[in-house]
Structures are given as C-alpha cells and as structure tokens.
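Q: Sequence:
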Amino acid sequence: MDGTEKDLAKYRIEKAKGDLETAKINFDSGKFAQSINRSYYAMFHITRALLAFDRFDSSTP
Numbered sequence: 176m177d178g179t180e181k182d183l184a185k186y187r188i189e190k191a192k193g194d195l196e197t198a199k200i201n202f203d204s205g206k207f208a209q210s211i212n213r214s215y216y217a218m219f220h221i222t223r224a225l226l227a228f229d230r231f232d233s234s235t236p
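Following my numbering, the residues of the sequence shown are numbered contiguously, the last one being 236.
Treat the hints as calculated values from the structure; they're not laboratory data. Note that the Cβ used here is the ideal one computed from N, Cα and C, for glycine as well. Honestly, I wouldn't trust all of these hints.
[To be verified] Computed Cβ-Cβ distance ranges for the label pairs, DEER-style:
hint, residue 1, residue 2, range
1, 212, 189, 31 to 39 Å
2, 188, 211, 17 to 25 Å
3, 188, 212, 13 to 21 Å
4, 205, 178, 23 to 31 Å
5, 203, 178, 16 to 24 Å
6, 228, 207, 28 to 36 Å
Turn these sequences into a full structure, and let the hints guide you.
A: Pasting the structure below:
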C-alpha cells in the first residue's frame with residue numbers, strides 16, 4: 176500500500192465527515208433536500224476513499 180493512497184483516502188474520509196455533519200445540520204433545520212444532497216456526497220466521498228486503495232478513481236459523481 177502506497178502512502179499517497181492512504182493520504183488520499185484520509186482526505187476523502189474527512190470530506191465525507193464534513194458533508195455528513197452538514198447533512199445533519201440541514202436535517203435538524205428542516206432542510207431535507209439539502210440534507211439528502213450532502214448525504215449523497217458523503218457517500219460519494221467515502222466510496223472514493225475506499226476505491227483509492229484499488230487505484231480506481233472517478234472525478235465526477
């Protein structure tokens with residue numbers, strides 16, 4: 176496993192955590208469409224984090 180792959184995965188995990196936090200804030204504020212959007216991107220970033228170890232990447236959702 177290459178160090179850059181691990182660093183890339185960590186970066187993407189942090190992006191996913193931020194999106195998930197924003198999704199919760201939006202949900203608690205009754206902004207359900209925005210919450211769904213941020214939840215989608217949290218899943219997108221966490222999936223990309225996992226795929227970084229297989230050296231597979233997608234630049235767009």
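Q: Which earlier hints turn out false for this structure, listed by number in ascending order?
A: Hints 1, 4 and 5 contradicted; others consistent.
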